[in-house]
Each structure stands twice: as structure tokens, then as C-alpha cells.
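All chains should be modelled from the sequences, with the hints used to inform the complete structure.
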Amino acid sequence: MRMFATIAKLLVMRVLTAIPILFVVSMLLFGILRILPVDPAAMSLPPNATTQEVEAMRSEMGLNRPIYEQFGIWLGKLLEGDIGRSIHFRQDVTSLIGSTLPATIELALLAMMVGTVLGIAGGLFLFYVRGTRAEAVMDFVSILLLSLPEFLWSLFLLLIFGVFFEVLPFTGRLSPGFERPVVTGFLLFDSLITGNIATLLNAMQHMILPSLALGIALSPALMRVLRSSLLDAYQDDYIHQARLRGLSEKRLLVRHGLKNAILPTLSLMGVQFGFLFGGTLLVEIIYSYPGMGNLMVDAIRNADLPIIQGAGLTYCVAVLVISIVVDSLYLILNPKLRVR
Amino acid sequence: MAYPILSARGLCVESLGGKESFPVLTDLNFSLEPGKILGLVGESGAGKSMIGRTISQFLPHGFAVTKGTLQFGGEDLVGMPAERRRALLGRDIAFIPQEPLSGLDPVLSVGQQMKEHLHRIGLAPGESWRDRALKEFEAVHLPHGAALLEKFPHQLSGGMCQRILIAMAFASRPRLLIADEPTTALDVTIQARIVKLIGEMQKRDGTAVIFITHDLRLASQISDEIMVLYAGRPAEYGPAKQLFSAPAHPYTRCLQLANPTISGPRRGLFILPERMPGLRVLKELKGCRFASRCPNAIEACTQAEPPLLPIGPDHIAACIRVEKTPEIVPPPFAPGRAATSAKAHLTAEKLTKTYTTAWSPFGKRSSFKAVNNVNLTLDEGEFVGIVGESGSGKSSLARLVVGLDNPTAGRITLDGRDVTANGQAERAFRRDYIQMVFQDPQSALNPRRRIGSIVTQANEATGLHNSQRERADRAAELLKEIGLPADAALRFPSQLSGGQKQRVNIARALCTLPKILVADEIVSGLDVSVQAQLLDLLLKLRDEHGFSMLFISHDLSVVRYLCDRVMVMYRGEVVESGRTQTVFADPQHPYTKSLLTAVPPDDINLQWSPVAAEAGYQVE
Numbered sequence: 001m002r003m004f005a006t007i008a009k010l011l012v013m014r015v016l017t018a019i020p021i022l023f024v025v026s027m028l029l030f031g032i033l034r035i036l037p038v039d040p041a042a043m044s045l046p047p048n049a050t051t052q053e054v055e056a057m058r059s060e061m062g063l064n065r066p067i068y069e070q071f072g073i074w075l076g077k078l079l080e081g082d083i084g085r086s087i088h089f090r091q092d093v094t095s096l097i098g099s100t101l102p103a104t105i106e107l108a109l110l111a112m113m114v115g116t117v118l119g120i121a122g123g124l125f126l127f128y129v130r131g132t133r134a135e136a137v138m139d140f141v142s143i144l145l146l147s148l149p150e151f152l153w154s155l156f157l158l159l160i161f162g163v164f165f166e167v168l169p170f171t172g173r174l175s176p177g178f179e180r181p182v183v184t185g186f187l188l189f190d191s192l193i194t195g196n197i198a199t200l201l202n203a204m205q206h207m208i209l210p211s212l213a214l215g216i217a218l219s220p221a222l223m224r225v226l227r228s229s230l231l232d233a234y235q236d237d238y239i240h241q242a243r244l245r246g247l248s249e250k251r252l253l254v255r256h257g258l259k260n261a262i263l264p265t266l267s268l269m270g271v272q273f274g275f276l277f278g279g280t281l282l283v284e285i286i287y288s289y290p291g292m293g294n295l296m297v298d299a300i301r302n303a304d305l306p307i308i309q310g311a312g313l314t315y316c317v318a319v320l321v322i323s324i325v326v327d328s329l330y331l332i333l334n335p336k337l338r339v340r
Numbered sequence: 001m002a003y004p005i006l007s008a009r010g011l012c013v014e015s016l017g018g019k020e021s022f023p024v025l026t027d028l029n030f031s032l033e034p035g036k037i038l039g040l041v042g043e044s045g046a047g048k049s050m051i052g053r054t055i056s057q058f059l060p061h062g063f064a065v066t067k068g069t070l071q072f073g074g075e076d077l078v079g080m081p082a083e084r085r086r087a088l089l090g091r092d093i094a095f096i097p098q099e100p101l102s103g104l105d106p107v108l109s110v111g112q113q114m115k116e117h118l119h120r121i122g123l124a125p126g127e128s129w130r131d132r133a134l135k136e137f138e139a140v141h142l143p144h145g146a147a148l149l150e151k152f153p154h155q156l157s158g159g160m161c162q163r164i165l166i167a168m169a170f171a172s173r174p175r176l177l178i179a180d181e182p183t184t185a186l187d188v189t190i191q192a193r194i195v196k197l198i199g200e201m202q203k204r205d206g207t208a209v210i211f212i213t214h215d216l217r218l219a220s221q222i223s224d225e226i227m228v229l230y231a232g233r234p235a236e237y238g239p240a241k242q243l244f245s246a247p248a249h250p251y252t253r254c255l256q257l258a259n260p261t262i263s264g265p266r267r268g269l270f271i272l273p274e275r276m277p278g279l280r281v282l283k284e285l286k287g288c289r290f291a292s293r294c295p296n297a298i299e300a301c302t303q304a305e306p307p308l309l310p311i312g313p314d315h316i317a318a319c320i321r322v323e324k325t326p327e328i329v330p331p332p333f334a335p336g337r338a339a340t341s342a343k344a345h346l347t348a349e350k351l352t353k354t355y356t357t358a359w360s361p362f363g364k365r366s367s368f369k370a371v372n373n374v375n376l377t378l379d380e381g382e383f384v385g386i387v388g389e390s391g392s393g394k395s396s397l398a399r400l401v402v403g404l405d406n407p408t409a410g411r412i413t414l415d416g417r418d419v420t421a422n423g424q425a426e427r428a429f430r431r432d433y434i435q436m437v438f439q440d441p442q443s444a445l446n447p448r449r450r451i452g453s454i455v456t457q458a459n460e461a462t463g464l465h466n467s468q469r470e471r472a473d474r475a476a477e478l479l480k481e482i483g484l485p486a487d488a489a490l491r492f493p494s495q496l497s498g499g500q501k502q503r504v505n506i507a508r509a510l511c512t513l514p515k516i517l518v519a520d521e522i523v524s525g526l527d528v529s530v531q532a533q534l535l536d537l538l539l540k541l542r543d544e545h546g547f548s549m550l551f552i553s554h555d556l557s558v559v560r561y562l563c564d565r566v567m568v569m570y571r572g573e574v575v576e577s578g579r580t581q582t583v584f585a586d587p588q589h590p591y592t593k594s595l596l597t598a599v600p601p602d603d604i605n606l607q608w609s610p611v612a613a614e615a616g617y618q619v620e
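Line by line, the protein sequences are chains A and B.
Using full-length UniProt numbering, the letters of the first sequence map in sequence onto residues 1 to 340.
Using full-length UniProt numbering, the letters of the second sequence map in sequence onto residues 1 to 620.
A portion of the hints provided could be inaccurate.
Listed next, the in silico EDC-like pairs over lysine to aspartate or glutamate satisfying Cα-Cα at most 20 angstroms (straight line) [unchecked claim]:
#1 B:Lys283 with B:Glu305
#2 A:Lys336 with B:Glu99
#3 A:Lys259 with B:Glu116
#4 B:Lys286 with B:Glu14
#5 A:Lys250 with B:Glu116
#6 A:Lys259 with B:Glu150
#7 B:Lys540 with B:Glu481
Simulated from the structure, these hints should not be mistaken for lab results.
Have a look at this one:
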């Protein structure tokens with residue numbers, strides 16, 4: 001029970017520190033995007049609008065007020081859940097993000113799972129073959145994997161499984177003709193709870209390639225950290241002592257080695273998963289996956305400031321949430337931080 | 001005569017991996033009966049721990065038994081299938097490690113680890129692991145067993161971890177226990193209690209014990225038989241009392257005389273020259289392995305390896321001149337010039353250091369006094385020892401004196417000048433006046449710097465004499481003073497032995513000829529032979545340069561040998577202080593008494609009965 005109390009304390013602390021972080025980020029987002037040489041008023045009018053019309057639009061949008069006042073208004077609306085309207089799509093940013101974010105979250109979660117499974121399995125294998133010739137080969141392979149970015153993996157996988165073998169779909173979230181249940185916006189989840197198995201299977205097929213591309217890119221760093229943490233743990237006395245108590249090598253690895261070696265690996269995962277949201281951007285474009293990444297790229301192309309601001313804040317929240325989750329996990333797994 | 005539980009016949013272990021093979025253990029013969037304790041003694045690298053590893057057959061990569069047999073209860077330990085051996089480990093053969101704090105898995109609670117072990121060795125029908133664990137804890141006198149099950153290793157002291165590991169080891173009523181330096185990492189008072197506990201448990205179960213230690217005095221107090229190992233080969237093997245009171249092999253005698261005494265008049269230390277030959281050169285050695293360091297060696301000793309000859313009943317020694325061994329005597333005690341004047345170099349008045357926990361929005365900040373109201377003076381040329389257990393505030397006091405930490409209250413003066421403020425001017429003054437030698441040379445010396453640059457590091461701070469030429473000259477002088485060859489200046493710390501590194505560590509502190517050295521546990525963890533060399537080096541250097549020293553140690557016999565005065569610290573306070581001889585001969589404070597009785601006596605015929613200090617004076 002003490003564990004929950006400690007984690008509750010951590011959560012309270014982290015949420016409290018998240019508030020100033022979010023404030024600073026929103027300030028930066030607002031400030032930087034206002035400095036950019038684009039005029040939102042001019043952009044929301046037809047190209048043949050007169051200067052008077054632009055001026056009228058500027059005062060209507062509040063752009064002629066001092067910048068801190070503009071920030072105050074923007075922040076006030078933000079707290080009400082209103083990030084503004086997209087200039088390009090003529091739609092509320094909140095609803096745009098609401099319709100694309102679930103797709104990205106699903107993709108990112110799946111990629112994390114793939115990356116974690118591959119990373120841990122690969123790390124264990126690297127550790128298992130330590131001191132043999134296979135180690136040198138595996139070392140080479142893992143460095144090769146490490147040096148390939150996720151968009152290259154996306155292209156490789158797309159060409160091999162999508163174009164050459166034609167076994168997996170590689171555009172969008174769903175093939176045409178499938179019914180799309182909407183409950184929460186999370187396609188896998190929605191099709192599961194509505195019992196729409198055909199949609200579920202098709203959606204999963206669509207996600208295999210993009211999540212694999214992201215996951216494979218995540219895994220080599222995890223592999224290498226897990227391997228070296230396991231090597232460190234095996235230098236420690238408690239492993240040798242447990243071995244002298246007659247425990248099997250398997251038990252040593254799973255119960256003693258892995259439980260200790262997972263801690264540094266987990267810290268790395270926290271950092272990597274933070275970057276994952278940025279990584280989805282290119283992968284989403286390559287697979288025409290209708291998520292935040294595609295929305296973001298459209299927004300940047302059209303200098304659609306409200307969307308960029310909204311998406312920026314969303315990324316920031318995502319990173320904070322991930323780091324809080326990872327820290328809680330760390331606390332659960334590491335008694336040294338939990339109890340004094 | 002009982003049937004032996006463990007017997008070795010002509011056991012040889014060799015390293016076969018790599019380009020060349022070399023012997024690790026040579027021709028080992030012993031037999032251990034149930035309920036007996038065999039002490040294994042020798043310097044580091046003598047092969048003591050390798051015997052434990054041979055029994056478990058978890059040998060380093062490339063090592064293997066090449067000759068001879070090792071039998072456990074009539075079974076061949078070396079030839080048996082790995083599964084059968086694993087079944088014996090933890091049940092019939094138990095181990096107690098050297099480092100109790102790292103012997104337990106840091107991420108599992110004590111209860112989880114007890115449960116795992118008890119389930120493996122099997123529980124009686126209807127018995128819960130919890131009840132059994134509590135029973136085992138009670139047997140090793142661990143209080144609050146139920147609460148202990150919830151704890152994690154980092155919340156416990158080294159002594160408590162060692163008790164838990166002992167409880168685990170004896171839970172299966174093993175027939176053989178291997179204790180590898182089980183008390184080296186612990187405080188003296190706890191060491192005594194742990195050794196007693198192992199003896200008590202061993203008698204309860206009739207367990208045979210192999211007790212590995214570098215401390216001959218400790219081994220002779222608790223063992224029935226002792227085997228002294230030298231470079232992987234037995235030098236002497238016999239009944240403990242006989243071996244200790246009349247050592248036959250010169251090596252045993254030298255080890256004994258290298259260790260300072262705890263009672264009676266102070267005697268000089270026998271300095272064993274050089275080091276044990278490395279295992280790689282043994283193959284080329286024709287004669288006795290000890291000949292190069294032996295004071296009694298003659299031409300014949302270097303011709304052929306001496307056989308193990310009988311000396312008395314069950315007592316053998318590998319020496320062809322045993323009759324000459326008693327002629328090895330220690331040099332007379334020569335402390336050199338001690339305090340030359342009563343002029344105080346260093347005074348500290350009412351020194352207090354309070355540590356407070358970091359701020360947190362939850363819960364109040366707590367604080368504790370690491371150093372409490374300590375008064376201290378250090379005269380010119382004087383060596384003052386500070387003794388006490390871990391957590392007594394010894395090291396905190398040292399940090400205050402050298403200025404690594406600022407006191408919460410009190411005043412420090414150096415040569416009449418108040419340096420309490422520890423500002424820039426005071427620090428510059430302090431740097432020239434006082435230097436610190438750190439405990440662990442392994443981590444105190446920058447591994448990427450050459451020795452010559454390390455020992456003259458102090459010149460970088462002042463900028464004086466900092467040219468290449470001047471530094472090289474000074475390094476050569478310093479290395480000569482500490483007894484290292486001149487070419488050591490170009491080496492890296494990793495190329496030196498532990499003892500050599502500690503010499504370098506001392507030389508670095510001496511570079512700018514400070515008036516005061518502060519030495520924190522600088523001989524702990526070293527072999528007695530190396531320890532003796534360093535202690536005499538300190539005395540010699542004092543004679544030449546006349547510095548004074550604060551010498552922090554948990555080893556009372558070392559302090560008795562080296563220091564003019566002693567201060568006994570307990571929980572941040574000085575509970576007793578005075579002339580070393582007086583305090584040790586007639587201790588007044590109960591805590592001092594308990595510290596002194598915790599040291600095994602010099603005389604094997606004296607009963608070693610560590611007195612637990614009065615209530616309120618127990619750490620742990």
C-alpha cells in the first residue's frame with residue numbers, strides 16, 4: 001500500500017510541475033509563431049482583398065492589440081478548450097485534433113509494443129550469445145539496425161511486403177468497403193467493442209507495416225542497453241550468490257538479472273517514447289495514415305498557425321504523460337526510490 | 001576418526017584458456033570432518049577464494065581441474081553432472097559472501113528472497129515459508145523478523161544483511177559451509193558477533209566450515225585446522241593452535257609478525273619484501289615459491305620445490321629449514337621522532353556538523369548530527385588516531401578538518417589562523433597546510449593520468465613549479481621516497497598493484513610538503529604485508545618531513561602501532577581520548593571496552609570473548 005502512496009505523491013508532484021511547463025511551452029508556441037512573417041488576417045481573406053479589408057479583419061481578429069493581450073485572450077480560450085479555427089480547413093482545431101489524435105495514439109502504442117518486444121528479445125539474445133562468435137555478428141546487425149531511421153524502414157517494408165509480395169495494405173487505416181464504427185475514435189478499440197471483427201482485422205493489417213517500421217527503429221538502442229545492463233548485473237555479487245544457492249540459470253536471468261537490468265532500459269524507453277510522436281510524422285505521410293502527423297504537415301505547408309499551435313501543445317502533453325507513466329513504472333520496479 | 005565430508009587429493013587447478021596455461025592451485029591435499037572448521041589464510045592472490053570456486057565448480061573462464069580429486073561426502077564434485085552439483089548447492093553446500101550488502105538482490109525484498117530460497121530447499125509439510133523464515137531469523141538473533149521480510153537490502157546495515165545471508169545458508173542445515181572473508185567488509189564489533197554466530201550455527205548443525213580470511217589471528221581463534229596458502233600451494237597445514245603458537249613455515253611466521261599487536265609492549269612489524277610471484281611466472285620457478293621473499297632462504301631453496309614435511313602430529317610445512325623459522329624476529333619498535341613540540345598545528349573547538357534531508361512538500365525535513373561538539377588538537381609531528389564504527393562520524397570529521405565540508409558550528413584553526421569561514425583565502429592557505437589521503441586508491445587516482453602527473457597534481461593548483469621539468473624532477477623525488485622505481489612515473493594506475501597505488505596516493509598528498517595529513521582508512525582492504533609496508537613508510541616519512549597526521553581507522557591494532565594519541569568516536573561524539581597506550585591498556589568508556597574486546601587476542605590460549613557494549617552502545 002505504501003507503494004501506491006509513493007506513486008500518488010509522484011503523480012501529484014509531476015502534475016504540479018507540468019503546469020508551469022505547459023505554460024512556458026504555450027508561451028513559446030504563441031510567441032514564435034507570431035514572429036513568423038505570416039499574416040493570419042491576410043491569409044483568411046481572398047487574395048484580392050483591399051488593405052482596408054485586411055485592416056478590418058486584423059482588428060476583428062484582435063491582431064492590432066499588444067502581444068501580451070493577444071496571448072491572454074489566446075490562453076483564456078485555450079483553457080476553455082478552444083484552440084481556435086483552422087484557417088485552411090475552416091474547422092475547429094479541437095475537432096481536427098480530436099479526429100486525428102486517436103489514430104496517432106494507436107499507432108504509437110503499437111509501435112511501442114513492437115519496439116519493446118523486439119528490444120527485450122534482441123537484448124536477451126545478445127546477452128545469451130555473449131562471448132561467442134555469434135555475438136560479433138549480432139553486434140554488427142544491431143549497429144546496422146541502429147543506423148537506419150524509421151522512414152527508411154517504412155520504405156523498405158512498404159516495397160517488400162506491400163509492393164513486391166503484395167501481402168499487406170500500405171495506405172490509410174482501412175480498406176474501402178469496410179464499415180467504420182465510431183465510438184471513441186480509436187479504430188481498433190471501437191471495432192472490438194462493437195464486435196466488428198472484419199474491420200478490426202483489416203485495420204490491424206493496415207497498422208502492421210507502419211508500427212513495424214517505427215518499432216524496428218526503436219529496438220536496437222533498447223537491445224544494446226539491455227545487453228550491457230545485463231552484463232553489469234551479472235558482475236554483481238547477488239547473481240553469483242543466487243547461483244551458489246543452486247538457482248537455475250533461467251531463474252537467475254528472469255528473476256534476478258532481468259529485474260535489475262530492466263531499470264536502465266526503462267529510462268531509455270522513456271526518452272525514446274517521447275521522441276516517438278515526432279517519429280510518427282514521416283511514417284504517417286509515407287503510409288498516408290490519417291493521423292496527427294499528416295495534419296501537422298498540412299498545417300505547416302499552409303502556415304495554418306492555430307493547428308500548429310494546437311498540435312505543438314498536444315505533443316507536449318503527450319511527452320509529459322509518457323514521462324509520468326515511465327517514472328511511475330520506474331518507481332514500481334525500483335525499491336531504492338520507493339522506500340527509504 | 002569421522003569420515004571426512006570434504007577431501008581433496010592432489011588437487012590441481014590450471015588456467016588453460018588464452019595462449020599459455022599456468023597453475024592456479026597446486027597439489028592440494030586436505031580433509032575436513034563434519035563439525036570442524038578449516039581456516040584458509042594467505043595474501044590476496046594466494047588462491048584462497050579459488051578453492052571455494054572449485055568446490056562450486058563456477059571457475060573463471062578457461063580454468064579447470066587438471067589433476068587430483070575433490071570429494072564431497074564420497075561423491076566426486078568435479079566429475080558429477082552439473083545438475084547433481086546444482087542440487088547440492090544451497091542445500092548441502094552453502095556459501096556466505098564477502099560483501100553482504102551486494103550479496104542480496106537490490107530489487108527484491110528480503111521476504112521475496114527468503115521465500116525463493118526456502119521453496120527451493122523445500123519446506124516441511126504444512127509449514128508456511130513465512131513461519132519458517134521467521135524461525136530462521138530467530139536462530140541468527142535477528143529481531144523484528146516480520147518487519148524485516150518487507151525490507152529491501154538498501155534499508156539494512158551490512159551486519160543485518162550478513163545475518164540474513166547466514167540465516168539463508170543455515171536454513172537447509174548444510175553439511176558444508178564456505179565463508180569467504182565474511183567479516184572483512186564489516187565493523188570490528190559486528191565482525192566479532194558474526195564470527196561467533198557462524199560458530200554457533202555450525203555447532204548446532206554439525207556443519208563443516210571452510211573459513212577464508214587474510215587475518216591469521218582471526219583464523220586461529222575460530223578454526224580447528226589452518227591451511228596457509230602461498231601462490232596457490234599449501235605452505236603449512238596443521239592444527240590451529242599449534243600452527244599459530246609455533247609456526248613452522250617462514251611465511252606463516254612473517255604473516256604473523258607483519259600484523260601489529262593489540263596488547264603488551266609494541267613491537268616492530270616484519271616487512272615482507274616485494275610481492276608474491278604472479279601465477280604466470282610460477283612455471284619457470286624451480287625452487288620454493290616463497291624463496292624470493294624468505295629471510296631464511298639459502299641456495300638449496302631455489303633448486304627444488306620443497307615437499308610438505310611432517311612437523312608434528314597432523315602438522316606439515318613445505319620448508320627445508322623449519323628449524324630456522326623461530327629465528328625470524330620482528331625489528332624493534334622504532335616510531336622515529338614523534339611530537340617535537342607542544343605547539344598545536346590544528347585545533348578544532350566544539351565542531352558540529354548537522355545534515356538535513358532535502359526539502360520535499362511531503363513530510364518534515366529531518367536532521368542528524370554527524371559530528372557533535374568535537375574538540376581536537378593536533379601537535380607538530382603527532383599522529384592521532386580516530387577510531388569508531390561506520391556511522392560514528394570519523395569521515396565527516398575528516399571532511400570538516402580538510403575543508404571539504406563546512407561545519408554547522410564550531411571553530412577550526414590551522415597554525416593559529418582561523419579557517420572556519422573557508423573562503424578563497426582560507427582555502428588557499430589550507431591547501432598548502434593540510435592534505436587528505438583517500439581510502440580507495442582504485443577510485444582516488446585518475447585512471448587516465450600517468451603516475452608522474454598524479455603525484456605532482458598539487459602544483460597545478462598553485463601554478464608554482466608547474467613546468468614539465470620541475471614536475472618530472474619532483475615526481476622522481478616523491479617516487480623514490482615512497483619506494484617505487486623511477487620508471488613508475490610513466491605508468492598508469494591500472495599498471496600498479498593495490499599497495500603501490502596506495503603509495504602513490506600518499507605521495508600525491510605529500511607533494512607540496514603539507515604540515516598535516518588526514519588519512520581515511522588508508523590501509524583497510526590491503527594485505528597485512530602491504531599494510532606493514534605502508535605503516536612503516538608513514539613513520540619513515542614523518543621522520544624525514546615531520547608532518548602530523550589524523551589517522552582514521554576501524555582497525556585498533558593498526559592505530560595502536562602507529563598513533564601517539566587516540567580518539568574514540570561514537571555517534572558523532574568523542575567518548576574517550578588519550579595516549580594510545582593508556583587508552584588501550586585501560587579503557588574507561590564501555591564503548592571503548594567493547595571495541596577492544598572485539599579484536600581477537602594475540603595469545604591463542606586466551607579466550608576470545610567479545611563483550612557486547614552496554615545497552616545504548618550498540619550500533620547495528
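**Study point:** Hint check against the structure, violated hint numbers in rising order
**Key:** Of the numbered hints given earlier, the structure breaks none, since each of them holds.
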